[in-house]
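*Asks:* Counting from 89, one number per residue, gives the positions in the sequence shown under my numbering.
There's no promise every hint is true.
Claimed, not checked - Straight-line distance between alpha carbons at most 30 Å, and here's what the computed DSBU-like set of lysine-lysine pairs gives:
id : residue 1 : residue 2
1  : Lys496    : Lys434
2  : Lys496    : Lys248
3  : Lys268    : Lys248
No lab work stands behind these hints, which were simulated from the structure alone.
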Amino acid sequence: MTVLPPVLTPPSPWKAGLVVLSGTALAAFATEPVLRATGVGTVLAGLGWGWWHHRQALELVERLAKTLPVSVRDEWVFREATKAWQALETGLQRAETRVQVEARLRQTLVDHLHTGVILLDQARHIAVFNTSARTLLGSSSHLELGATVVEAFREPGCLKHLEAAYGGAPQAWPLQRGPKHLQLQAVPCPDPEGLPGLLVTVEDVTRQEALETTRQKFISNASHELKSPTTGIRVAAENLLDGQLVLPEGESSLRTILRAVDRMTLLLNDIAELSRIETGALHLEPEPIALEAFQEDLLEDLQPQAAALGVRMTPMVPSALQGFTFQADPLRLHQLLGNLLSNALKFSPEGGTVVLSVEREGPWLRWRVRDEGPGIAPTEQARIFERFYRSPSARGVPGTGLGLAIVKHLAGLMNGEVAVSSELGRGSTFTLSLPLVEWKVESTWNAPA
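Let's have the full structure, built from the sequences with the hints guiding it.
*Replies:* See below:
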């Protein structure tokens, strides 16, 4: 046995050295004698390459203990140390087996997901992916462990979204691969050491897209097909009334027919309008709008409805916006605010007041329509912009159930938003916010001839 000088400097009271026993190197750490009177100390040894729990290490320790000039007077000390080492070896093996089993279980679970899952590391390489991801992305993606995002996602749009996600902003975007319509999402997912990574999910939404296209076509076709017969019914009823071809008692029935036709026509128009917005068939035509004149025309158009309901309308324009001109599509803006004002009138009590105010707040123009109606419960406020949804407070109030859905979609089309604040018994306030595009004399906008 050869004992070489210490090659490590462990903290006191440990001493270290390199022991060469029968040609095998061991790193050995020995304590000062525990009992100085007897010279009994402790030796921890391991193979030079660090396999401390290996069976060969145990044999070498035993041979070292017999060879070194250390008196082990109590045999059970060595025996118990050997047992502890063996227990440690067994525990490490069990832990390693458990880790392997858990890793296989996780991979099995991920592989059986219908959603594609891809984990990217800090270097923009694929660290984990499942079978669904490979199937959904297809052969055009080089989806292998260690592959780069450029190899897996060749589209520039995908790479742009992934970089934004690495910057901390969760991303969601559509992707078409052949006949497949895919929806991808990417969220930051740091690794165990805190280094940035990404979790990317891939879903096949081809069926949903097909169903949505079918629904939109149906709505468009149905509204077109139903418009002609309703027009015929109205014309026939009007002719009967104008020609006095019915007895006086039949006049009430004809007027009922006319009211029903009017309601059906309004519903069909709303369905057709919503379909045009959702399919992208509706295009905006912005032009300069004088704010005060626009609001006067808007209120004048709604005055007959307000008079019939016995409700007053009050406009409020701050002095800072008097004489103000901005750019927007006047027809669609009229439709937006008209729907909000019409709703406010219908829900206001007779003798009540509806206030239309407008303010400039930073880069936004905000219109607020405030009524004195029954208000909307907090649980209902998130749903009133859904198609055909009617809150309990709307029962008995005429309407198609599509007005606020059209408002929401139109506001989105104009890069704006609509919100509501309300308390039961204290009325409601609807706020329409549109990005401000101020009209200036030096503008390069070309007015139509």
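*Asks:* Taken at face value, is the distance from the CA of lysine 248 to the CA of lysine 268 at most 30 Å?
*Replies:* Holds, because 21 Å separates the two Cα atoms, which is no more than 30 Å.
*Asks:* Decide if the proposed pair is consistent with the structure: lysine 496 and lysine 248, CA atoms, cutoff 30 Å inclusive.
*Replies:* holds, 29 Å
*Asks:* When you check the alpha-carbon spacing of lysine 496 and lysine 434, does it fall within 30 Å?
*Replies:* holds, 19 Å
This entry satisfies every hint, going by the numbered hints stated previously.
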